[in-house]
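Student: Line by line, the protein sequences give chains L and Z. According to this note's numbering, the stretch in the first sequence is residues 283 to 662, in order. According to this note's numbering, the stretch in the second sequence is residues 283 to 662, in order.
Please note that the accuracy of each hint is not assured.
Pairs involving identical chains hold if they fit within one copy or between any two copies, as the list cannot separate such chains.
Unchecked claim - Think about it this way: if two alpha-carbon atoms lie no more than 20 Å apart in a straight line, the pair counts; the simulated EDC-like pairs of lysine to aspartate or glutamate are: (1) 588 to 618; (2) 417 to 450; (3) 655 to 327.
These are computed hints drawn from the structure, not numbers from a lab. Given the structure is predicted, the values throughout are model-derived calculations rather than measurements.
Number of protein chains: 2
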Amino acid sequence: MADLGTVKTQFVTFCETPNELLLKSGEKLGPITVAYETYGQLNADKSNAILIFHSLTSDAHAAGFHEGDKKPGWWDPMIGPGKAFDTDKYFVICANVLGGCKGSTGPASTNPKTGQPYGLGFPVVTIEDMCVPQKMLIDHLGIKKLMNIAGGSMGGLLAQKWAIMYPESTESCILIATNTRHTAQQIALHEVARQAIMSDPDWENGVYYNRTIPARGMAVARMIGHITYMSEKSMDEKFGRKLMRKEKVGYDFSTDFEVESYLKYRGESFVQRFDANSYLYLSKALDYFDLTEETGDLIEAFKPAKCAFLVVSFSSDWLYPPYQSQQMVKALKANDLDVSAILIESSYGHDAFLIEVDNQSKVVSHFLQRFEKKSNAVRS
Amino acid sequence: MADLGTVKTQFVTFCETPNELLLKSGEKLGPITVAYETYGQLNADKSNAILIFHSLTSDAHAAGFHEGDKKPGWWDPMIGPGKAFDTDKYFVICANVLGGCKGSTGPASTNPKTGQPYGLGFPVVTIEDMCVPQKMLIDHLGIKKLMNIAGGSMGGLLAQKWAIMYPESTESCILIATNTRHTAQQIALHEVARQAIMSDPDWENGVYYNRTIPARGMAVARMIGHITYMSEKSMDEKFGRKLMRKEKVGYDFSTDFEVESYLKYRGESFVQRFDANSYLYLSKALDYFDLTEETGDLIEAFKPAKCAFLVVSFSSDWLYPPYQSQQMVKALKANDLDVSAILIESSYGHDAFLIEVDNQSKVVSHFLQRFEKKSNAVRS
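Only chain L is shown next, with the shape it has when bound in the complex:
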């Protein structure tokens, strides 16, 4: 399979005064810049577009390489020529979410009213709010109906909400390792991460831009995240009780075990690439997510949806356990929707949606083929 080669992030701005976006909280926000990337070519009747939603700490850079980078985008094994989201056939779009820190408007952006970064002056945004500017992007690109929307983890929350908010806007929807409402344990894990960040004296109530970043709190938050992304089994297979110093424990508080070193490394590298306030805002949006919030019932919540669904879960995912996907499938089916579901056996935990490329690719490409309009494909 070929690579996408070099790709570039693009930007578009909506909601400029006086057309600010009315958020779910009642607050208004504008202007809103959306950072996005596209891969492949939009066909003549614009019927081959796929919108991919990213997870909590990902971004618009889903595939290909940025100039000079050695690592490709976060879902590169799934997106490209001949891959599951086949850019020889489809036009794939991925945008950074509202509230993020990778080019779209978020707490690190400049507040036009103060000339300073928003910080905690940024309004709390919900998954629903995040969908709106992405819909504006799709309209801006002149796409009336997407062939597919897809997302894993947080991305799956956006995809569900989108399918309900804009039922006429997509043929199909792929939901991977996700759920319909955050449970107490999911909220609890996020709250500990938030407390770790907000306890760091360098956080300074969110006013740390151009000063010292709350690196220690962020590192701890990321370490917690990483434990939840792996399974007990995958951690044990990868690290077990392997030691940093040959066969010898130090009897001190330096790093003895490889798993400690790995977590520290992941924690420290995350600090450099992600904004602490964005972590607070996005994790909060996830915790607020409850599809049954207004209807009180999941079947009722999915009622407006019209597209076909593919629901993928992974056996060892304990952050978004398969039973939660099953509840989703049941509610979709109760609405007489076209639903395919698959539980993929994997020991990789929640991270499986980024790692289990082979099995996922088969299922995804098979599903997508159903919605292709052959006559209009860029290449046949």
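Take the given structure of chain L and dock chain Z to it, following the hints.
Tutor: For chain Z alone, coordinates are given in the frame of chain L:
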């Protein structure tokens, strides 16, 4: 069932110069004070004694009430007249571990060489090291052979090690919700907690006594702990998505969900009752624990053991999952030891060993009766 009423912690000191204890790390430590409590009466031939080992953040105060306290000791539903560890029949002992902060020598104790608290000058102690002063206590009480030793979680690690180190010293051993070696996930969860404490600027490399304690780091560490002590199901049953403000989310970073409030409360109250350095030392001792360290093999590791075993695990315990108890049982049986095992169905997660009193009591009292010497019972 009657209560034990008011109980008192007692103290005894061993290893005074020049008889310092040689630790596994090669360092020496002394004097060592052991804080302990006893419940019931030792019979004439001293054959009715049971030694109970506590978990990570517990202490010698296992049952009864301290003068003026409204809450009893940590395992009070299991220890007392007519209870599982029946103090009408048995003499029950519980001692605070070496490295702890509830009366036994630990990092908050005064270093006789400096006149200051040890802090990080305290040597790293292992589970094996913790057993030694408790054996001195048993010798000091004139008990040649215990009727039983028992422990849940960290207490189970001490009990296993004891059964191997002092095979002639006990008739039986009860291991609850525990395992034979800390896995990568268990190490990882502890390491995040340690990083949270050590990242708190008030920790000051362990020199915070009589200054500001590292309360924020400790609270985060405890919150992580609490999530691991509960199961996903018990969290959802207890809290679900229940809100603090009636039916309304705040769209801000204050406490929205009850589960957030609960964790904050548990975190903050913990700070007042536990020493941060002790948390570092004890969690490190748990992580160093590997019964196969010297033998490379679990069956071989249990070879010196001679007593009868009861192994109890709980279905929803994901911190010390039942499969780990099963490995233990298999290795014990391979040594032709007298082993009983039970998996108790429970939704309470790891905390089940403190909560599932009825089922546990039946199993424990039934097992203990086998080792009673009727003729010598205090009361018949």
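Student: Against this structure, judge whether each hint is valid.
Tutor: Results of checking the hints against the structure:
| no. | hint | verdict |
| --- | --- | --- |
| 1 | 588 to 618 | within (9 Å within a copy, 63 Å between copies) |
| 2 | 417 to 450 | within (12 Å within a copy, 74 Å between copies) |
| 3 | 655 to 327 | within (10 Å within a copy, 89 Å between copies) |
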